[in-house]
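Student: One-letter residues, chain by chain:
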Amino acid sequence: MSTTILQDSAASPPIAGRVEERAPWHVYAVLFASLSVIVGVLWDISWHSTIGRDTLFSPPHLAMYLGGVVAGVACGWYVLHTTFAGLPQDRAASVTFWKYFRGPLGAWMCIWGAFAMLTSAPFDDWWHNAYGLDVKILSPPHAVLALGILAIQLGALFMVLALQNRADDRAADGASHVIRGFKLMFSVALGLVLLNLAIITTEYTFRIYQHTTLFYQVTTGLFVLPLVIAAVAGRLRWSATAAALTYTGVLLSMHFILPLFGAEPRLAPVRNPLEQMMPPQFPLLLVVPAVGIDLLLQRLPDRVNGWMRATAIAAVFLATFFVVQWPFAEFLQSDLARNAVFKQDMRPYMVGETGYGPPGSFYDPASGADLGIGLLIALGLGIVSARLGLASGRWMAGVRR
Amino acid sequence: MSFRRTAAVAIVLAWLVLSAHVGSPNIFFEGAAGAYPVRVIIRPPEAIPGLAEITVRIQSGAAVDRVTVQPVRWDLGRDGAPRPDEAVRIAGEESLWSAELWLMEFGSYSVHVEVEGPDGAGRVIVPVPARATSIAEMPMGLGLALGGLSVFLLVGLLAIVGAAAREASLPPGVEPDCYRRRRSRVAQAVSVPIFALALFGGARWWASEASVYERNLYVPLAIETRSDAVATGATFTLGITDERFTPQRFSPLLPDHGKLMHLFLIRDGTPAAMAHLHPERTDSASFTTALPPLPGGDYRVYADILHESGFTQTLTDTVALAETGAIASDALDPDDSWTVDTADPVGPNAPAILDDGSSMRWTAERAPRAGEETTLTFEVQAPDGSPALLEPYMGMAAHAVIAREDGSVFIHLHPLGTVSMTSQQLFAERDRQGSPTPVEVSGGDGAGMQHLHAGESSVSFPFEFPQPGDYRIWVQVKRGGRILTGAFAASVGG
Numbered sequence: 001m002s003t004t005i006l007q008d009s010a011a012s013p014p015i016a017g018r019v020e021e022r023a024p025w026h027v028y029a030v031l032f033a034s035l036s037v038i039v040g041v042l043w044d045i046s047w048h049s050t051i052g053r054d055t056l057f058s059p060p061h062l063a064m065y066l067g068g069v070v071a072g073v074a075c076g077w078y079v080l081h082t083t084f085a086g087l088p089q090d091r092a093a094s095v096t097f098w099k100y101f102r103g104p105l106g107a108w109m110c111i112w113g114a115f116a117m118l119t120s121a122p123f124d125d126w127w128h129n130a131y132g133l134d135v136k137i138l139s140p141p142h143a144v145l146a147l148g149i150l151a152i153q154l155g156a157l158f159m160v161l162a163l164q165n166r167a168d169d170r171a172a173d174g175a176s177h178v179i180r181g182f183k184l185m186f187s188v189a190l191g192l193v194l195l196n197l198a199i200i201t202t203e204y205t206f207r208i209y210q211h212t213t214l215f216y217q218v219t220t221g222l223f224v225l226p227l228v229i230a231a232v233a234g235r236l237r238w239s240a241t242a243a244a245l246t247y248t249g250v251l252l253s254m255h256f257i258l259p260l261f262g263a264e265p266r267l268a269p270v271r272n273p274l275e276q277m278m279p280p281q282f283p284l285l286l287v288v289p290a291v292g293i294d295l296l297l298q299r300l301p302d303r304v305n306g307w308m309r310a311t312a313i314a315a316v317f318l319a320t321f322f323v324v325q326w327p328f329a330e331f332l333q334s335d336l337a338r339n340a341v342f343k344q345d346m347r348p349y350m351v352g353e354t355g356y357g358p359p360g361s362f363y364d365p366a367s368g369a370d371l372g373i374g375l376l377i378a379l380g381l382g383i384v385s386a387r388l389g390l391a392s393g394r395w396m397a398g399v400r401r
Numbered sequence: 402m403s404f405r406r407t408a409a410v411a412i413v414l415a416w417l418v419l420s421a422h423v424g425s426p427n428i429f430f431e432g433a434a435g436a437y438p439v440r441v442i443i444r445p446p447e448a449i450p451g452l453a454e455i456t457v458r459i460q461s462g463a464a465v466d467r468v469t470v471q472p473v474r475w476d477l478g479r480d481g482a483p484r485p486d487e488a489v490r491i492a493g494e495e496s497l498w499s500a501e502l503w504l505m506e507f508g509s510y511s512v513h514v515e516v517e518g519p520d521g522a523g524r525v526i527v528p529v530p531a532r533a534t535s536i537a538e539m540p541m542g543l544g545l546a547l548g549g550l551s552v553f554l555l556v557g558l559l560a561i562v563g564a565a566a567r568e569a570s571l572p573p574g575v576e577p578d579c580y581r582r583r584r585s586r587v588a589q590a591v592s593v594p595i596f597a598l599a600l601f602g603g604a605r606w607w608a609s610e611a612s613v614y615e616r617n618l619y620v621p622l623a624i625e626t627r628s629d630a631v632a633t634g635a636t637f638t639l640g641i642t643d644e645r646f647t648p649q650r651f652s653p654l655l656p657d658h659g660k661l662m663h664l665f666l667i668r669d670g671t672p673a674a675m676a677h678l679h680p681e682r683t684d685s686a687s688f689t690t691a692l693p694p695l696p697g698g699d700y701r702v703y704a705d706i707l708h709e710s711g712f713t714q715t716l717t718d719t720v721a722l723a724e725t726g727a728i729a730s731d732a733l734d735p736d737d738s739w740t741v742d743t744a745d746p747v748g749p750n751a752p753a754i755l756d757d758g759s760s761m762r763w764t765a766e767r768a769p770r771a772g773e774e775t776t777l778t779f780e781v782q783a784p785d786g787s788p789a790l791l792e793p794y795m796g797m798a799a800h801a802v803i804a805r806e807d808g809s810v811f812i813h814l815h816p817l818g819t820v821s822m823t824s825q826q827l828f829a830e831r832d833r834q835g836s837p838t839p840v841e842v843s844g845g846d847g848a849g850m851q852h853l854h855a856g857e858s859s860v861s862f863p864f865e866f867p868q869p870g871d872y873r874i875w876v877q878v879k880r881g882g883r884i885l886t887g888a889f890a891a892s893v894g895g
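So the sequence lines, in the order shown, correspond to chains B and H. Quick note on numbering: this note's numbering labels position 341 of the first sequence as 341, and the sequence is numbered without any gaps. Quick note on numbering: this note's numbering labels position 484 of the second sequence as 885, and the sequence is numbered without any gaps.
Don't read these hints as lab results, they were simulated from the structure. Model, not experiment: these values are computed from the prediction.
Below, in silico cross-link-like pairs of lysine to any residue (SDA-like), each with a Cα-Cα straight-line distance of 25 Å or less:
#1 Lys99/B - Val552/H
#2 Lys879/H - Ala744/H
#3 Lys343/B - Phe322/B
#4 Lys879/H - Asp742/H
#5 Lys343/B - Thr354/B
#6 Lys99/B - Ala590/H
#7 Lys99/B - Thr82/B
#8 Lys99/B - Val587/H
#9 Lys99/B - Tyr580/H
#10 Lys99/B - Glu576/H
#11 Lys99/B - Val556/H
#12 Lys99/B - Arg583/H
#13 Lys99/B - Ala565/H
#14 Lys343/B - Thr202/B
#15 Lys99/B - Asp578/H
#16 Lys343/B - Gln276/B
#17 Lys879/H - Ala751/H
#18 Lys99/B - Val591/H
#19 Lys343/B - Leu245/B
#20 Lys99/B - Leu558/H
#21 Lys879/H - Gly748/H
#22 Lys879/H - Pro656/H
#23 Lys99/B - Pro577/H
#24 Lys879/H - Ala727/H
#25 Lys99/B - Arg586/H
#26 Lys99/B - Ala560/H
#27 Lys343/B - Phe331/B
Hey, can you work out the whole structure from these sequences and the hints?
Tutor: See the structure below:
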């Protein structure tokens, strides 16, 4: 049955090649879901740093569940509708799942993510009974949850991506403002994925670690990949920059909004009697290397091969990021950042006055040859990350469904 | 889980079963919160961080307005505690309140229980050691459900990979050709080992997290014990051999009831015997005492110690003793006591004849049941049948030792409950001084005597048998300057 319809669709280029005049509702739904889960995660971390105790139905958890439910229900409904009662153009722009079901690739990712989130809930509950309540961000059940959240975010990204690519194919139709909207949505969706990755690595990126080489290895190894994908698969001139700005914008919004709410620690030991919600970690200055990557890829001739390209990207990322983040970390650790804007005087309730070390000090700071070797390792990781990003970006640039 | 790890876990769990306030983690406390006599029961979580359940019973039945509970860590005081939690009155119970306690870190806590009512406000402080005691098994139903969901997720992920490789980059409406279909199968085939590797990595990660947690499970300090024959009889020596016994890990020892260590030697079989001794410290980690006349055989060793943090632990071992004869009375601590069965131990409501001819009767309306809060009451009568006048014995109206016959339960309790009175005084004094630093307390030398009023001849202990089975109960009181021990047998139903 599906084969027949596919052939019909293939025989109707006007339908198959139609430019969507606006994003369908389920794309907005999954973008909202992507934002909702990540805001939920940031809020939850703040909750655990400020109030401490939570339940299955704490407000941040509800924000996460809302994202999972919205993504799962919207995409579930959409694939069922496409499978059983879909318009020809919708079926034509879908992939086959288990030989029978039809839906966009991104929708399947979202559904998978919703199921992964569902799986993590009883697993996490049991984990708390066996190994105690949450004290760490990274645990196996949280990894399942993070995978689910990541899948929902990637699903949103792929749905926007297919929309962008299909629309861009037909740019001559004159729907340029619509297409620009799709391109922007892609960078935003990617920025939310970037934020997710940043949260997963939080335990390596606290400001007191920002003079270790491990910090530069983790950040270069991880963040180059999405930024390169943004630059290669995104159709905006400044796609990577837009993605980094999204990351920075959401994080900064939470940085200023959360402390507006009063709260008090509800768990002993209280080493810091907070009175407001803790802000998230101050955003890393990823915008700077993102600009660097955009500029580089705009100027790099096509004849430069993949590994050379990857090496140049990794070098630009590491150099620009190191140059701005190293002194910025010093600023954040200094008394100058202990104010209403940077809020570096705020500490989670369980962290005592000396928990972040005296002002200006860093955990295991690297220098001399160790720093050089560490940065070379970071560069190596960055090259692999960039190469993967180039390959993924190129493939994603062709995704139409 | 490998055999070695399974064996290691089994050894840890077996050790726990055989150790410290063994098999009876619940905390019982009776005292007066201002004008209100209260019984507090705390059921600690098995995992830390975790939630303890606390119930507060107003013993007088008074209708109080409000009960709050607040866990306070020993080294941070109330300044480092969150505001108290409101307990809620249990439906249908006029004088029973309950709440949850969040214990977030290992170590010594106290719980401040405040009661407010028509007769004003009052407070009691109950010491609670927060320690992880076991790792919960995953129920089979949950395991099957999670396994099923995992398979579903893996199969779904493979389908997504296949669809991505096959159709994602085709223009709308174009059907995948043979090449794309093959590419899809290749992508799936390549993904399988990657997913398998990810799963393997996840399993290793889980195992490593579990092993870190296992290392944090509470295991009492390891000890070695031995008995030596000497000219005057025999001595018993206990050495703390555990490498964790350092000032960095454990605060110094403090006397409880005036003694640095309360040592219990229990002999099973016939005749059963129990000795409650108080060894002296000979160096920072060694304790020694003379042995009273006891029948030879294998003995279980339980040694209660108290740390300056208020943390209590019971160290355990087994030792083989040769039969010892009478020794000079001044070789032993005046508060040492021991008993050897001369007849079968009696059950509830039957008199146990004590050494001075007086008798002790365990008054119980019905046989105790496991998991049921109860009060064990013992009445002492002089040889002429009149109520006996009891005297304080190491600051307490009485001491009781309860041991399950297979050794899986051991508890040393007092009329105020299972807590150490000195630990409780420490917390109270620190709170009064507003300082988490060590403070001087009486050490329970008798000045803090509780639960015994002039002319009283009965003693009672709040308790709950943790599991069914056959138990031995030894109750120790002091009368006419003599320490007397009543031996009882209890058959506890499920």
